[in-house]
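Hey, can you piece these two chains together into the complex? The hints should help.
Sequence order for the protein chains is P and B. Mapping to the working numbering: the first sequence position 13 is 196, numbers consecutive. Mapping to the working numbering: the second sequence position 456 is 457, numbers consecutive.
Don't take each hint at face value.
Keeping only pairs whose Cα atoms sit at most 16 Å apart, straight-line, the calculated EDC-like set for lysine to aspartate or glutamate is [what the hints assert, rightly or not]: (1) B/K228 / B/D415; (2) B/K630 / P/D220; (3) B/K628 / P/E204; (4) B/K630 / P/D200; (5) B/K630 / P/E209.
Derived from the structure by calculation, the hints contain no laboratory data.
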Amino acid sequence: MDMIQVDSSNVAAIGYDSDSETLQIEFNNGTTYQYFDIPEQIFEGLRDAGSVGGYLAAQIKGSYRYSKV
Amino acid sequence: MNNRMSNKETYLGDVQDVNGTSVSISLSKESLTGFVYIDGQGYRVGQIGSFVRIPIGFNDLFGIISQVGASSVPVNQLDNPDIGNRWMTIQLIGEGPKNGVFKRGLSQYPTIGDEVHLVSEKELKNIYGQPDKPYFVKLGHISNADSIPALIDVNKLVTRHSAIVGTTGSGKSTTVASIMNALSDTEKYPSARIIMLDLHGEYGQALQDKAHIYKINGDASSKFKEKKFYIPFWALSFDELCKISFGEFTNEKDKNIVMERIQKYKLDSLKCTPRTGATSDTLSVDSPIPFSIHHLWHELFIETFGTYYKGRGGKPLDNLAYELDGYGNEMKGNPLQGIPPIFKNTVTEKDEEKIFYLPGSLNIGKQLLLLGTKLRIPRYNFIFKPDANGWLPDIDGKVTFDLDKLLKGWIGSDKPVTILDLSGVPADILQTTIGALLRLLYEALFWSRNLSQGGRHRPLLLVMEEAHIYLNDKLEGMASKVVQRIVKEGRKYGIGAMIVSQRPSEINPTILSQCGTFFALRLTNGSDRSHITSALSDNLDGLTSMLPILRTGEAIILGEAVKLPMRTTIEPPPINRRPDSQDPIIFDEDLPENSQNPGGWGIPMEIDPNYSELVETWRAQNPKIDKVK
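Bound-form chain B, shown alone (with noise of 0.2 Å):
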């Protein structure tokens, strides 16, 4: 009874019926004023979502309000007119010693009659309120009490995978680039890694002072100082080399054949130039061995396409019927810049020279002249002409840079974060070109799990933006197989995700259900929501019910990194460190003198527009024009 008075300011109510983790409590009269005050704060009873404490001895339990009214009234209650609708359903997250050290789990259950009390920001701060530990960052803070700071566990975070979701316009990408602001601190981290894929070229401006830019493209003078963002063809898989490079195959036949004749490059490149690490026994086709791309093709062109005089003497490779040009030379073609030899036509008659197609010639016809189409186009350059002095093979095989100079670029560089912009990559090979790029670094860092620069020894966390759109389960693509791959064993090898999306119902839900952390931001879409909420581990329908009334830039973290699901308010960056995805502005709020766009509705246009330059940038498939220096 003396303790029912010492805290009579807080007490909500009594536990009257305990089922699992929810229970449920009848409220008090006194309590149903509305407004508590303790230390002179006031306090609203009964907010979905705020944490109640029920002492349970020397041990408080806590709990979240997921329930409040007529809704929570329990069957058998529904006729007592003495508490009415005044019900309240909680759910059970953690119990603490009195003012201990809260943590998850319960180690007993609350039972009839214990008594509910209003938890305090003091109260508070206990909980959430860590010591000032390395390891863990700061986001923000707590949305309804500012002088708690929303922390977050490293370490948790990076190997237990985590899930930034919202709809577009809810601050994700600001979220993001608050995260990776605290993460790229290089006092706290200085060996911190960090990689982005960054699919629209928006953070460049948000980290340029931490990160490296590699971009297609990439131009060194350029604000950000980009590099050139390459992934050379000979590092990929036969199966990831065969989606960019031919296309499907009609049959397992002609596969083979292509398959066989890479195997028989990439071992000639290893007799020619040894490497460390690769024998000729241990090779394989999907072997990260450089070979020459534009030979492989030449060389199958002639076999497929060539004709060659019958009635000579020798083998017919050594009578190939070049046509000629204008000059009389033989067009050979140019395996480097994709251009195939020209063959006569077949000749039958009598009294000419007879000209045949070659004997047992090949039936890849079709994916040749694609391949063939990629070699020449440029914006397939960054793949199969990465860097003529640097990761192109010549004929032989031999290259001027190995893999090691990629990786060391992207993982093993100055600055704790590498932004990846795929801003450039073609459509048709984005969701290959990231299952490549992703199985690389994994691969790399799974191999060298012992090595002071491998993964469990430097972890690295990828941050993958825009998920949905290569990781999406409709599509059978490689990115989502390696993600999969990664969410499920990477932790064991210190390769650690962030999945960021405005669309979660469409990301495969083996790697959302693989996510240790979730921070939810504002989802309106119903079916978004009822992903996420199946995706997470907690009983708390009560918290993620309130996904869409968040405020911009309010997230609910919960999860693995932290201590209790919290309703954080993030801490956006400076103004000049924010991501380049605000929307248009329309009619700029601010007057025209002050305002900082040049554009949108509400300014005269220019007298005679330029639509060439509008043009330009389609047809370069760069939106920066050549006048801009």
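Isolated chain P, as found in the complex (with noise of 0.2 Å):
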């Protein structure tokens, strides 16, 4: 997966993956996870978002189950 390197607090990178609606987050602790069933608007709000580290947490924790890799 392409990662795009983020300016955020907490997250280093995110990824997508449009055939299997796969949304990758890298953390600044280098921990790397994977969100599942994520819509691609999601994403783009995500990538274009002032905040990252507050989109992430307003749309995406809590609401897409998600696998470390």
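What follows is the structure, encoded as structure tokens:
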């Protein structure tokens, strides 16, 4: 998955695979998670958000299931 | 008198009683103000674990304070009103010429009336501070003196074995990661050779760029580029193989039958493919010669369960009475897939063709059924199907790869550290697997001791995480036996052990007592602590009494690899190089938008949580679900 570096206090990079609707989040501490069944517009919202950490907390955490990679 | 004046500020008291290495000191009235200033820096007087100096002529003796106050008062001084309970007991540990290099051990004792002085940070540096030699690695700094690095002698650390002990959450894994980081400095030690037994898969993250990671079902495309972990069954000794494959035998006769058969298979294999170093004369049942356990199993299965047509000519084995499947084919089974043959039931009626059990059939049905199961279950593939195109022997014992490739991958690779992630090993064979693995390494390095890649010329450090699981004294484990041999004899052949455990009282005492260096982190449990105290060679009860109050990440390092016991604050590796052993977060202290945790009790549940994936991981015995790419 191609990762996009982001400027955030907690997230290092994000990536998205539209075929499987999987969002990959790499935190600054090096741990990586994949969120499943994420609609593309959510990913775009995350990518374009002013605060990636804030958008992640508000829209994704707690709403979608994930697995540590 | 002049001398006393010049050192007045550091003066603590006088020696009153010398009993072996333990010395009683009466404290002077002046020193009891509590705080002493030397070179503008404040020192607390009478801190347990701090150092004192006793000048004797041109030498200084050094000791560690182990007791202060009422309990240190010698019996015959109990009624002495002059001193009261201003007493202190110290343990002597070494000496050095004034402003010279400190050495462990004593050539002389202090005597009554000798002055006792506080040791300032400048003097401490003289004791601890090592010349900048490349065989010392820095792990952190001395706890009450930030400017003094805590240096470890690599030579002693590796060859004299070591133990890292501490309660869960005391910073053990981080300490291990720090040590590994320091030892795997490829500029300093381009040929470092370290194997880590990682039982929970914690260290991949911490050492990713310095280590190859071997894992059962390892995934080369994963983040850490895991390689697959195999132990070919044919490299095991007969005892190890029995424990892993057949289980217990009910009597010696059955065991001998299997033993002779394996020997025969190995001999045939050797005849078919000669291997340098092995001859038919020296071959034993323990020799690491490839043979097909699948065909051995199939053959023994026939001899145990087989039936045959009595009336037909020739040998019974030529007339086996296989059951027929729906297409009329004989159900001969499939050795490689672990599918057993199926035989017709015995027939003794008058008018039908008689079917009998084979004459002299073997009595090892239970063992063969067990092995058959293991040949079929994928969890055991790392032993019984070690890479179909690699170490898996065909019927003649031919393999594509020999043991050299296996060993080269583990201890001869381009990276200093090899992590063997054993998190996927079935619990019932974990001990035996580790025992076999360590024995393979030990034997390989032991016999190759004259070669440049042998143990004497390129020593190996074995880091054994969670050692109480497989070095437990209560279990008659193979691992415990091999490690006992390693700690007793490994020094001579360049194999060093580093035992890491949170439960030292469960580790075989022989193993612990052979460890020359101890990194003792916080230990709260009394029995664990007394186990450590008794294993320490130094007479330092005072120091070990500090174990329950150490801070997280703080360790008392003592033994051969350090000049002096030192209370050290271990410098943790950078945040993205820490082992993955952090406690799960219940509620993150960071605000939601800053949190680097996606879970915990503070985050709402997803709607309609998916439990079929949860069951998938359990069934697959693999924490990674298929969906993760």
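Broken hints, numbered, in rising order?
-> none
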